[in-house]
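Reassemble the complex: the two chains are provided individually, in unrelated frames, and hints are given to aid placement.
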Amino acid sequence: MMQFPKDLRRRVETFAAGPDGGRPPLPIDPRFWRSPLRSRRFTSILGLTLLVMLTLVIVCGLLSYASYNPRLAGNDPTGRHGLLGFYFFTWPTHPVWLYRLTQSTHVLLGLASIPFVLAKLWSVIPKLFELPPVRSPAQAIERISLLALVGGVTFEFVTGVMNIQLYYAFPFSFYTAHLYGAWIFLAGFVVHVAVKLPVAIRAVRRRGLDPDPEGDQAAAVHDPDGPDDLRAVEPAPATITRRGALIAVGGGSALLVGATLGQSFDGPLRRTALLAPHGQAYGNGPNDFPVNKTAAYRGITADATGAKWRLELRGTQRLSLDRAALLARPQSTHRLPIACVEGWSTEQEWTGIPLADLASMAGVTGKATVLVESLQKNGSFGKVRLAANQVADRRTLLALKVNGADLEPDHGFPARIIVPAGPGVHNTKWVTALTFVPEQA
Amino acid sequence: MSFFRRRYGAHPLHLLVTVACLLVAAYAAQRIYVSTEDWWKIGLWFIGCVIGHDLVLWPLYALADSAVLRAARGRAALAQPPGWINYLRFPVLGSALLFVVWFPLIARRSRGIFEGTVGEGVNGYLGHWLIITAALFLISAVAYAVRIRRASMPRTTDPTPSTDQ
Numbered sequence: 000m001m002q003f004p005k006d007l008r009r010r011v012e013t014f015a016a017g018p019d020g021g022r023p024p025l026p027i028d029p030r031f032w033r034s035p036l037r038s039r040r041f042t043s044i045l046g047l048t049l050l051v052m053l054t055l056v057i058v059c060g061l062l063s064y065a066s067y068n069p070r071l072a073g074n075d076p077t078g079r080h081g082l083l084g085f086y087f088f089t090w091p092t093h094p095v096w097l098y099r100l101t102q103s104t105h106v107l108l109g110l111a112s113i114p115f116v117l118a119k120l121w122s123v124i125p126k127l128f129e130l131p132p133v134r135s136p137a138q139a140i141e142r143i144s145l146l147a148l149v150g151g152v153t154f155e156f157v158t159g160v161m162n163i164q165l166y167y168a169f170p171f172s173f174y175t176a177h178l179y180g181a182w183i184f185l186a187g188f189v190v191h192v193a194v195k196l197p198v199a200i201r202a203v204r205r206r207g208l209d210p211d212p213e214g215d216q217a218a219a220v221h222d223p224d225g226p227d228d229l230r231a232v233e234p235a236p237a238t239i240t241r242r243g244a245l246i247a248v249g250g251g252s253a254l255l256v257g258a259t260l261g262q263s264f265d266g267p268l269r270r271t272a273l274l275a276p277h278g279q280a281y282g283n284g285p286n287d288f289p290v291n292k293t294a295a296y297r298g299i300t301a302d303a304t305g306a307k308w309r310l311e312l313r314g315t316q317r318l319s320l321d322r323a324a325l326l327a328r329p330q331s332t333h334r335l336p337i338a339c340v341e342g343w344s345t346e347q348e349w350t351g352i353p354l355a356d357l358a359s360m361a362g363v364t365g366k367a368t369v370l371v372e373s374l375q376k377n378g379s380f381g382k383v384r385l386a387a388n389q390v391a392d393r394r395t396l397l398a399l400k401v402n403g404a405d406l407e408p409d410h411g412f413p414a415r416i417i418v419p420a421g422p423g424v425h426n427t428k429w430v431t432a433l434t435f436v437p438e439q440a
Numbered sequence: 000m001s002f003f004r005r006r007y008g009a010h011p012l013h014l015l016v017t018v019a020c021l022l023v024a025a026y027a028a029q030r031i032y033v034s035t036e037d038w039w040k041i042g043l044w045f046i047g048c049v050i051g052h053d054l055v056l057w058p059l060y061a062l063a064d065s066a067v068l069r070a071a072r073g074r075a076a077l078a079q080p081p082g083w084i085n086y087l088r089f090p091v092l093g094s095a096l097l098f099v100v101w102f103p104l105i106a107r108r109s110r111g112i113f114e115g116t117v118g119e120g121v122n123g124y125l126g127h128w129l130i131i132t133a134a135l136f137l138i139s140a141v142a143y144a145v146r147i148r149r150a151s152m153p154r155t156t157d158p159t160p161s162t163d164q
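One line per chain: the protein sequences are A and B, in this order. For the first sequence, counting from 1, position 393 maps to 392 in numbering that gives the first Met the number 0; every step adds exactly one. For the second sequence, counting from 1, position 79 maps to 78 in numbering that gives the first Met the number 0; every step adds exactly one.
Everything labelled a hint here was simulated from the structure, so no lab data went into it. Hints may contain errors.
Cross-link-like lysine to aspartate or glutamate pairs, in silico, DMTMM-like; alpha carbons within 20 Å at most [unchecked claim]:
# : chain 1 : residue 1 : chain 2 : residue 2
1 : A       : Lys307    : A       : Asp409
2 : A       : Lys126    : B       : Asp53
3 : A       : Lys382    : A       : Glu438
4 : A       : Lys126    : A       : Asp287
5 : A       : Lys382    : A       : Asp75
6 : A       : Lys376    : B       : Glu114
Cβ-Cβ distance ranges computed for the label pairs, FRET-style [claimed, not checked]:
#  : chain 1 : residue 1 : chain 2 : residue 2 : range
7  : B       : Tyr143    : A       : Thr271    : 24 to 32 Å
8  : B       : Ala142    : A       : Ala303    : 53 to 61 Å
9  : A       : Ala168    : B       : Val33     : 18 to 26 Å
10 : A       : Phe264    : B       : Gly126    : 40 to 48 Å
11 : A       : Leu82     : B       : Arg110    : 37 to 45 Å
12 : A       : Arg79     : B       : Leu129    : 40 to 48 Å
13 : B       : Tyr143    : A       : Gly403    : 27 to 35 Å
14 : A       : Leu50     : B       : Gln29     : 26 to 34 Å
15 : B       : Ile50     : A       : Thr315    : 57 to 65 Å
16 : A       : Lys382    : B       : Phe98     : 34 to 42 Å
17 : A       : Gly84     : B       : Ala142    : 47 to 55 Å
18 : A       : Pro234    : B       : Ala150    : 24 to 32 Å
19 : B       : Ile50     : A       : Glu438    : 23 to 31 Å
20 : B       : Gly42     : A       : Ala324    : 46 to 54 Å
None of these values were measured; they are calculated from a predicted model. Positions of the beta carbon are idealized from the N, C-alpha and C atoms, including for glycine.
Just chain B, same shape as in the assembly (with noise of 0.2 Å):
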């Protein structure tokens, strides 16, 4: 058994498992290729999406991060209550995932579809989104003068230090 570790790197338990799983996707790409013409197209988007994430999406929000920071050095830090920056990052964030998500309906992509689908016109999702953003920042900036203010109230009791942002 440890001569079977030791060469493997695992358990043989590990090997049978992945192989047994690796076969059942094996199969499930075949079933693609037997049912459609199109099989070459799904295995190039799946490719894509392997890509995609890592090395797309993935320096893109670091990279927003790291200039948010940058802006902000020494004054947006937790340790000086209080911060401020995630206060901005919450309803950037929540509004950029829902952008993300929501998109096509959003920049009208699917207008054509739409119209033939649900029979409404595919305005008015834009209006939402920016509607809810406004009030994801307006809550933000709420809860953030809110704490504020209970920093700079005097404590009468021995302050126990706070350990959330």
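Bound conformation, chain A alone (with noise of 0.2 Å):
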């Protein structure tokens, strides 16, 4: 106990000698950065890596936004897309997977790029800490840049991991930051890459995607890195090659892959996702499959679906159904997968009226948007409007049964809405009102 002033006395004579009389380096100063895993080539295989990888991330993600039609008044969960939506199209019913297709791609190729994401943040990391902070004007902008990009990246997979699985500790809406973080990151990938694609393209090239720590040391004689050099200026002894380094990434890509992926399969695969929420096994019986939301939890009583409960057609006249008139009608049955934004999707059979039935029933014919209304008494999907397309897609269904037995309540009884190749929140569960709109001309 006696040492500790005269450690620390020590201590603070040793930082105060600099770094030539003993004291260790500190960040700025190169030679603090002591691995030998570090080079351009090795940052250069991780960010073509992501490349190919985020960009897929980024198409997907973009999709999953058109997909709800934010076009219809009502639709867009995200607030006023302004000319974000310029490339807005009328989403399809078919391949009736497409969503469940685009969705867990995103969230599966997002949870494989976490790895190489952080590897590649700290295969640079040393950059942050270069003196002079600013060489140039063209290098202070696109330092600028680096927010968007760096900050991008963490705000939109912390805020993407979080989703997935129902931790909603952000004090704002998912939709909005997500949407809007994503253009803010991709506003830093492009300029990230139109700058650093060549510099990566050469660095590779040079001795094709062999990362060898010798050979990387041998070119340097012939073609230093410049400004641009990642090599450790005083490197410590290797403990693990680039090549193995690599190895830990994809491997720890694979982990997370694996261990999420059944969530996108229905059967003995989906036990396999043993961290993500919706891995759980179900029994076999036609209700047993995942459920987003229980009658409980969205304020749905027994009272409102029971006896009392009318659907409310609506176009150009107005009719009131029960439960009884509507099973009395010829039933159409589909096998159509429910995909989740959250990456999940299961595939179930579907019993019920087509909605082009329906609209017939309340007196619109030709092409016809819908106003679908639900009992539920919170969330922002208790009313969504489906395009004419899918109103007129004989597959999309008002679903009142499921694999051959009546909905239960945590599924939507009375009565749901499932439409082929749409996301989740879009098969409406415990409706109580359809409107028919006529399309204009």
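Written as structure tokens, this is what we have:
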């Protein structure tokens, strides 16, 4: 214990002595960064992999937003998209697994990217502390764009990963933050790729994709990296080769994907999703498949869905039908998936009345959109509009039964919508009213 | 052209692309501003993300790594086959990665919402993560044992130095 003041004094003296007087270097000193793994080629391999993966993640993410048909009134969960809706197109209804594909790709590739993003950030962090901080106006403006890139990627991954496990600890709307955060990230991403892609390709092409440390040192004699050089000035002895490090990163990706992939499939494969919310085993009954939002959570009472329940059909005429009347009409049965924005999905067999038939009953023929209203007391998707192509598709059902049995309350009893290729929230549960609106020519 | 390059530091296209992209980012930020009252909270989280990884997470994993190395100096280095450090690192990193990504479920942080959403209990994830961690260590141990065994077997041909760990 008496050592403490002496020890402290010695530490202060060492610190004051400076880097050559025995003090360990600070991060702004290149000698601080001792990993022998760092090199421009190592970073380039990570970067090129991320270029492919993140481009797909971004495209699937933007498609997900388009799938909500945000141009229809009330359908946009993010607020006011302005010019950022330029690419919208009416979401198709085939193939029926379209949204299932795009959204599970978005989530799974996103998870797979995490180890690569972490490794890449680690590999370039010496540059954060490099002096002088600004070499030229070009470099200054590039560093500003890095705020969008690094802040954006971290923000997107943090909000995304929290959302898929229903951890809504962020004090704002997920949709607004995640979508516009994605555009901010995309801006930084485009700058980064535009500036660094030629550098990365050159670095990788020099020796193929072989990340051999000795080869790198030899190449340095002929082609020094200049101000972009990431190699350690005083490398510590290697404890792992670059190839080994890349295998570790790839292995991390495989691990994350492997533990989540099961969420996108029915049957025994689902149970391999050991860490994901919808990987539980369900029974073999007709209603044993994943639920998103129970009836209780949405304030649905047995009273509201019991004998008193009526489906209000509105068009040029108004009709009020009870469940028996609906069941008496000709039913259609289709196998259709429900795919959630969180990346999981399930496929079941649905029986009900095509929306097109209900439109005719309401006196609406020709192209029409529909406003679907639910009994649910909270949540953002209690009212949803379906586009004309979705109404016209004979596979779009007001489902009354699933797998031959009545819907259970958690699955939307007495009636729910099922839309082929649509995002999960458009499969409205506990439907109470359908208002058909003819499309203006 | 080279006058511009000297003053600016790069090709004019660099300026064009960067400014265009920053304008898009600014527009997206403005969309956030008009869409929600919580725009400043989003901004705060965004800044937190900028600072968070580089100045918080990175020192943590650098420290962890150097701590292990110091403890095992001399005996764990790559050059002395078969070094064990990587057979420790892989399962630790794999397990840590899974924990960092899935900790809200493992630590049952989202309990209330989870039960209302999924309709099932939020238990079991800790157990799953522990099993996966155990499996990772087991696989690594087996791989290491195999490696030691192969290294101690007499070589009949001219050995080529192994270049992987």
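Tested hints:
{"no.": "1", "hint": "Lys307/A / Asp409/A", "result": "18 Å, holds"}
{"no.": "2", "hint": "Lys126/A / Asp53/B", "result": "11 Å, holds"}
{"no.": "3", "hint": "Lys382/A / Glu438/A", "result": "19 Å, holds"}
{"no.": "4", "hint": "Lys126/A / Asp287/A", "result": "53 Å, violated"}
{"no.": "5", "hint": "Lys382/A / Asp75/A", "result": "11 Å, holds"}
{"no.": "6", "hint": "Lys376/A / Glu114/B", "result": "17 Å, holds"}
{"no.": "7", "hint": "Tyr143/B / Thr271/A: 24 to 32 Å", "result": "26 Å, holds"}
{"no.": "8", "hint": "Ala142/B / Ala303/A: 53 to 61 Å", "result": "59 Å, holds"}
{"no.": "9", "hint": "Ala168/A / Val33/B: 18 to 26 Å", "result": "25 Å, holds"}
{"no.": "10", "hint": "Phe264/A / Gly126/B: 40 to 48 Å", "result": "22 Å, violated"}
{"no.": "11", "hint": "Leu82/A / Arg110/B: 37 to 45 Å", "result": "41 Å, holds"}
{"no.": "12", "hint": "Arg79/A / Leu129/B: 40 to 48 Å", "result": "46 Å, holds"}
{"no.": "13", "hint": "Tyr143/B / Gly403/A: 27 to 35 Å", "result": "53 Å, violated"}
{"no.": "14", "hint": "Leu50/A / Gln29/B: 26 to 34 Å", "result": "28 Å, holds"}
{"no.": "15", "hint": "Ile50/B / Thr315/A: 57 to 65 Å", "result": "59 Å, holds"}
{"no.": "16", "hint": "Lys382/A / Phe98/B: 34 to 42 Å", "result": "40 Å, holds"}
{"no.": "17", "hint": "Gly84/A / Ala142/B: 47 to 55 Å", "result": "51 Å, holds"}
{"no.": "18", "hint": "Pro234/A / Ala150/B: 24 to 32 Å", "result": "26 Å, holds"}
{"no.": "19", "hint": "Ile50/B / Glu438/A: 23 to 31 Å", "result": "50 Å, violated"}
{"no.": "20", "hint": "Gly42/B / Ala324/A: 46 to 54 Å", "result": "53 Å, holds"}
Of the numbered hints given earlier, the model fails hints 4, 10, 13, 19; all others are met.
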